[in-house]
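Colleague: Add chain B to chain A, keeping to what the hints say.
There are 2 protein chains.
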Amino acid sequence: MAEKIVKRADAERTITAILDAALRCFADGPEATVTQVAKAAGVGRVTVYGHFDSMEAIVGALLTRSLAEAEVMFDELDVESGTAASAVERLLHAPWILGRYRGLFEAGMRYLGPQRVRALHDQVFARIEAVVVRGREGGEFRTDLPLGWVMATVYALAHAAVVEADAGRLGVEEAADLLSVTLLGMLEPVQKMA
Amino acid sequence: MAEKIVKRADAERTITAILDAALRCFADGPEATVTQVAKAAGVGRVTVYGHFDSMEAIVGALLTRSLAEAEVMFDELDVESGTAASAVERLLHAPWILGRYRGLFEAGMRYLGPQRVRALHDQVFARIEAVVVRGREGGEFRTDLPLGWVMATVYALAHAAVVEADAGRLGVEEAADLLSVTLLGMLEPVQKMA
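Keeping their order, the protein sequence lines are chains A and B.
Using the numbering used here, the first residue of the first sequence is number 91, and each one after it goes up by one.
Using the numbering used here, the first residue of the second sequence is number 91, and each one after it goes up by one.
Bound-form chain A, shown alone:
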């Protein structure tokens, strides 16, 4: 029994090491192989294959873990309180979105494709959607665009900032600031100048 628990703890440590190693590999580009990930994790290929069938499975597990981290961050940021606009600001300037998962979005696109990556975001996106809905219902945000489209644009702009930061075309802070200005500009009701 005790042996079983030790074995499971060992397995969890190994899985953590493999996912951490995969993230380090993706920071250098999305073309990482199982062999490279195994080497970076300090384990053999056979060990990696003992836990993951393929690079697809590794990327899927890494995205799932990262999005679970994001959910914890959401609780810490208390996105349910204050104005919706201030909640969006807090979210976008949190460290999780930009820089922390360098290369992971690109790897997700390569190994899983846009639709599966989008589906993995469902739970986190429900939290963000709740903030947007609060802003719409409270009169802070414009309501003349369908919610589904607004969420699609939030997702697209957030990942545009990730891609620009990952490619080094924008600094992480600068990307967060521009994303915030652009997103709030899109969400808030506007009056065009004559």
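Hints are computed from structural coordinates only; laboratory data are not their basis.
Worth double-checking, as some hints may not be accurate.
So the derived label-pair ranges between C-beta atoms look like this [stated by the list, open to error]: (1) D100(B) to E121(A): 33 to 43 Å; (2) T125(A) to E146(B): 13 to 23 Å; (3) E179(B) to K129(A): 48 to 58 Å; (4) H141(A) to E161(B): 43 to 53 Å; (5) R232(B) to V162(A): 29 to 39 Å; (6) G140(B) to E170(A): 54 to 64 Å; (7) G189(A) to A101(B): 45 to 55 Å; (8) E102(B) to E264(A): 43 to 53 Å; (9) A257(B) to A158(A): 20 to 30 Å.
Cβ atoms here follow ideal geometry from the backbone N, Cα and C, with glycine treated the same way.
Modeller: Frame of chain A; chain B shown alone:
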């Protein structure tokens, strides 16, 4: 000599048939194999491999062809004349961007990855950038955001519309309308309501 010309014309017809078949396959999902593309094109796998090394090569050639078609469309739409805003409207409601290449963006992400797909857009994007620059210089568009970021958002929002339309969450016309409203809202100078 004449035989060579006939052979080359034959090869071009085969390449066209393969790319057309690949596009039909991607409309059903990005997981198409060389075998499926060959079958849809009515040729053997060996013929496909005679022209393309891999699915990556097929997707690259298909994207290159589609973007060349887009450039022809740009000339027809005369995006260099009229106001910049009207040029953006004409561009977004042209049939090329939504519906015509159903599934190709998803396939591009899977087989080439975001950075390579973005690089293939360089030439077309230079044309769109010229319209945006004209709008900024003429006072039609806001100038307080860096041009590089504005172009990244244009790219991201256009592909968000493509993804929503491809997934059937928005109709093609509706997607074009929403994209147009959102994009011009982002490009035009705004005055926030108090």
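Colleague: Evaluate each hint against the coordinates.
Modeller: Hint-by-hint comparison with the structure:
no.	hint	in the structure
1	D100(B) to E121(A): 33 to 43 Å	36 Å, holds
2	T125(A) to E146(B): 13 to 23 Å	20 Å, holds
3	E179(B) to K129(A): 48 to 58 Å	53 Å, holds
4	H141(A) to E161(B): 43 to 53 Å	47 Å, holds
5	R232(B) to V162(A): 29 to 39 Å	36 Å, holds
6	G140(B) to E170(A): 54 to 64 Å	60 Å, holds
7	G189(A) to A101(B): 45 to 55 Å	48 Å, holds
8	E102(B) to E264(A): 43 to 53 Å	47 Å, holds
9	A257(B) to A158(A): 20 to 30 Å	25 Å, holds
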